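A.B. asks: If you want the building blocks of each chain, they are given just below.
2 protein chains.
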Amino acid sequence: MKTLVIISHPEMMESGSQQYLLSSIPEGKDITIHHLESVYPDFKLDVEMEQALLKEHERIIFQFPFYWYSAPALLKKWQDEVLTDGFAYGKRGKALTGKEFGLVMSIGVKEEEYQPGGREGFSIDELTKPFQAMALKTGMVFLKTLPIFQFSYLTEEQKMNLLIRYQQYLTREKEDSLKAREKWFIQELKSTDTSKLNDGDQFVLNQAIEFIEENRDTIDELKIVLDQME
Amino acid sequence: MKTLVIISHPEMMESGSQQYLLSSIPEGKDITIHHLESVYPDFKLDVEMEQALLKEHERIIFQFPFYWYSAPALLKKWQDEVLTDGFAYGKRGKALTGKEFGLVMSIGVKEEEYQPGGREGFSIDELTKPFQAMALKTGMVFLKTLPIFQFSYLTEEQKMNLLIRYQQYLTREKEDSLKAREKWFIQELKSTDTSKLNDGDQFVLNQAIEFIEENRDTIDELKIVLDQME
Chain F
1 MKTLVIISHP
11 EMMESGSQQY
21 LLSSIPEGKD
31 ITIHHLESVY
41 PDFKLDVEME
51 QALLKEHERI
61 IFQFPFYWYS
71 APALLKKWQD
81 EVLTDGFAYG
91 KRGKALTGKE
101 FGLVMSIGVK
111 EEEYQPGGRE
121 GFSIDELTKP
131 FQAMALKTGM
141 VFLKTLPIFQ
151 FSYLTEEQKM
161 NLLIRYQQYL
171 TREKEDSLKA
181 REKWFIQELK
191 STDTSKLNDG
201 DQFVLNQAIE
211 FIEENRDTID
221 ELKIVLDQME
Chain X
1 MKTLVIISHP
11 EMMESGSQQY
21 LLSSIPEGKD
31 ITIHHLESVY
41 PDFKLDVEME
51 QALLKEHERI
61 IFQFPFYWYS
71 APALLKKWQD
81 EVLTDGFAYG
91 KRGKALTGKE
101 FGLVMSIGVK
111 EEEYQPGGRE
121 GFSIDELTKP
131 FQAMALKTGM
141 VFLKTLPIFQ
151 FSYLTEEQKM
161 NLLIRYQQYL
171 TREKEDSLKA
181 REKWFIQELK
191 STDTSKLNDG
201 DQFVLNQAIE
211 FIEENRDTID
221 ELKIVLDQME
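As you go down the protein sequences, you meet chains F and X in turn.
Following UniProt numbering, the numbering of the first sequence begins with 1 at its first residue and continues without gaps.
Following UniProt numbering, the numbering of the second sequence begins with 1 at its first residue and continues without gaps.
Hints listed in this document are in silico derivations from the structure and should not be mistaken for laboratory results.
Since the structure is predicted, the reported quantities are computational estimates derived from the model, not experimental observations.
The reader is advised that the hints may include incorrect statements.
Identical copies look the same in the list; a pair holds intra-copy or inter-copy alike.
Claimed, not checked - Listed below are the simulated DSS-like cross-link pairs for lysine-lysine, each with C-alpha atoms no more than 25 Å apart in a straight line:
| no. | residue 1 | residue 2 |
| --- | --- | --- |
| 1 | Lys-144 | Lys-129 |
| 2 | Lys-110 | Lys-137 |
| 3 | Lys-129 | Lys-223 |
| 4 | Lys-55 | Lys-110 |
| 5 | Lys-44 | Lys-183 |
| 6 | Lys-44 | Lys-29 |
| 7 | Lys-223 | Lys-55 |
| 8 | Lys-29 | Lys-99 |
| 9 | Lys-110 | Lys-129 |
| 10 | Lys-94 | Lys-110 |
All chains should be modelled from the sequences, with the hints used to inform the complete structure.
C.D. replies: Now the structure itself:
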């Protein structure tokens with residue numbers, strides 16, 4: 001699966017969260033990072049190039065700071081100019097149908113403020129309806145949003161956690177089951193460069209892989225038995 | 001009451017609905033029309049000027065075509081750059097508090113499609129939550145939205161109706177009571193140039209004004225009686 005991360009951020013170099021996320025992009029995976037403000041500082045978009053990019057990828061991510069409950073202006077311009085009738089919607093506009101679409105949003109305010117009575121008054125679910133509607137119109141499958149609340153207040157452990165969730169968001173197949181998560185972890189563990197680990201740690205790692213795989217086998221066997229009993 | 005109409009439309013000269021609305025703006029009223037794409041063709045905003053404009057008006061209207069369930073990009077840029085911390089929100093950001101805020105949106109799709117099961121899937125209420133949240137954050141009173149569905153399909157009568165609703169939207173005091181509507185109609189009738197009417201029509205007009213005013217007096221008297229009876 002190829003993933004296109006369309007980033008819109010007017011000051012990306014100064015953004016701690018964006019830099020952190022960028023630095024964690026796994027190499028060698030099918031991930032394209034596309035920062036609009038770098039490519040189009042004058043706000044003049046190359047629509048053909050953008051449409052070609054979209055066609056090449058199966059998962060499309062909008063990654064941006066949540067400005068006034070939406071995306072920065074250049075991403076809005078991108079939507080208005082790239083997602084044309086006949087390409088993204090309308091009778092012959094099927095270019096995006098079946099692709100996956102998700103939002104990675106950095107948010108400066110605490111999560112609990114996004115509800116009635118909170119300072120922001122509305123939930124993230126409510127505020128992202130325009131993007132949900134866009135996915136619907138273009139025939140894309142809307143993924144669960146990955147909101148990043150107050151990145152600068154996160155502990156190191158929370159940041160590590162975020163990093164794993166982010167990497168999974170970009171690369172893990174959609175099926176959000178235990179099986180899909182297991183599969184992702186095994187892949188990651190197996191591709192870990194163990195040459196720098198000491199023998200003890202290498203052993204632990206291999207044991208972990210075996211343990212997860214054995215668990216899966218046991219679960220699968222139990223399911224077969226259950227199916228036969230019905 | 002002074003009203004600021006901030007229009008964002010990349011192709012306003014070609015827009016039938018925008019031209020129709022513009023042509024109907026009553027003269028001599030305290031209405032400022034401000035078309036962003038005309039003033040800022042290069043997308044470079046004069047933030048100080050924009051903030052000064054906002055301060056001078058009590059009612060702020062965003063008027064735009066509903067592109068991808070939101071405003072065109074330049075209006076988003078305006079939000080991101082003009083509505084700063086310390087001006088529009090935050091501890092000393094009270095410049096907009098108490099003002100009224102409304103949306104006039106031209107929409108290319110039928111009203112009935114904006115619901116679950118419809119082609120657009122979400123209601124206008126849902127899709128405008130980001131603007132409602134903006135009003136909340138800046139302390140502005142959110143007015144009922146004036147959506148204009150499929151302008152080009154409207155009959156002449158529907159267009160006239162729209163015109164009245166639009167003029168009221170820009171100029172009528174908020175109190176959405178019979179009294180407020182009466183007041184607005186009397187004002188409009190009284191300011192009508194009757195010199196071109198024949199005597200019979202002039203008479204009818206004056207009778208209409210008297211009739212509405214008398215009705216109001218009767219209602220007010222009845223209310224006083226009722227209050228005394230309690």
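A.B. asks: Of the hints stated earlier, which fail here?
C.D. replies: Violated: hints 3, 4, 5, 6 and 7.
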